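Enquirer: With the UniProt record's numbering, the residue at position 104 of the sequence shown is 104, and numbering never jumps.
Calculated directly from the structure, the hints in this document are not laboratory data.
Only a predicted model underlies this, so the values are computations on that prediction, with no experimental measurement involved.
Heads up, the beta-carbon is just placed ideally off N, CA and C, and yes, glycines get one too.
Some hints could be false.
[What the hints assert, rightly or not] Here are the simulated distance ranges between beta carbons:
#	residue 1	residue 2	range
1	Leu-104	Arg-52	24 to 30 Å
2	Ala-147	Met-25	30 to 36 Å
3	Pro-148	Arg-191	16 to 22 Å
4	Ser-183	Glu-130	37 to 43 Å
5	Arg-191	Ala-23	33 to 39 Å
6	Glu-112	Arg-186	37 to 43 Å
7	Arg-48	Pro-70	33 to 39 Å
8	His-200	Arg-136	31 to 37 Å
9	His-200	Asp-179	20 to 26 Å
10	Arg-151	Gln-219	19 to 25 Å
11	Pro-47	Ala-147	20 to 26 Å
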Amino acid sequence: MTGEMSEQLPPAPEVAHEVFHGAAMGRAEAFADLLAGPGVVRGLLGPREVPRIWDRHLLNCAVIAEAVPPDVRLVDIGSGAGLPGIVLAIVRPDIRVTLLEPLLRRTVFLNECVDALELPNVEVLRARAEEVAGEREFDVATARAVAPLDRLLTWAMPLLGTGGMLLAMKGERAAEELDGAESQLRASGARTAELVTVGHGKVEPPATLVRVIAGPKPQTGRRHEGARDGDLRGRHEVAKRGARRRRKR
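Let's have the full structure, built from the sequences with the hints guiding it.
Expert: Here's what the structure looks like:
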């Protein structure tokens with residue numbers, strides 16, 4: 001089945017060479033193969049998505065990089081098959097990417113991709129966002145098809161420092177979700193929230209993002225019971241490139 005799915009994968013479109021430069025193009029092609037093969041077999045991507053891997057997935061995720069500042073710490077919430085996290089790590093080697101995913105079978109796939117693509121700027125963290133809040137802080141959070149915006153805010157905003165940025169891929173319902181999240185935006189201490197489009201001339205239609213800038217964290221009282229500074233590594237699996245021995249146990 002892996003071979004059959006890979007045969008349905010179209011070649012990279014010309015515009016991909018404008019988005020992925022140098023070694024990034026080879027990594028993008030290798031990631032496309034991983035998505036079309038093991039990604040489909042393991043249920044991380046539907047078979048019908050294989051012919052659309054480039055335009056709907058790789059390119060659509062890559063153009064988010066236009067909204068990401070340089071040299072930041074980025075967390076991809078509910079990373080799943082690595083979309084957009086792995087794609088952003090490929091196209092932007094200057095950023096440090098944490099793929100945050102609670103499900104074991106998905107983190108196994110993500111680790112295999114990170115190793116195969118030789119991405120030194122990526123770590124895979126098996127945990128839920130609410131478990132990481134208070135333990136780690138990031139400059140940018142991304143999410144794609146994870147949850148409605150009001151719920152996503154409760155997970156993402158505690159992970160961001162003051163001035164940090166949430167970039168949520170929301171497509172056609174972006175404006176509706178933004179309106180519906182007004183009360184949660186206030187509760188989470190958001191400084192600003194707006195719609196932005198990226199990828200003009202590269203993807204059609206351009207990708208629509210909800211961009212939320214974090215203000216100072218609101219006072220929340222007691223921290224999550226049992227959480228202590230520095231104990232994240234002991235409670236959750238942190239797997240970086242090359243940590244194969246952990247998966248062999």
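Enquirer: Which of the stated hints cannot be reconciled with the structure, identified by number in ascending sequence?
Expert: 4
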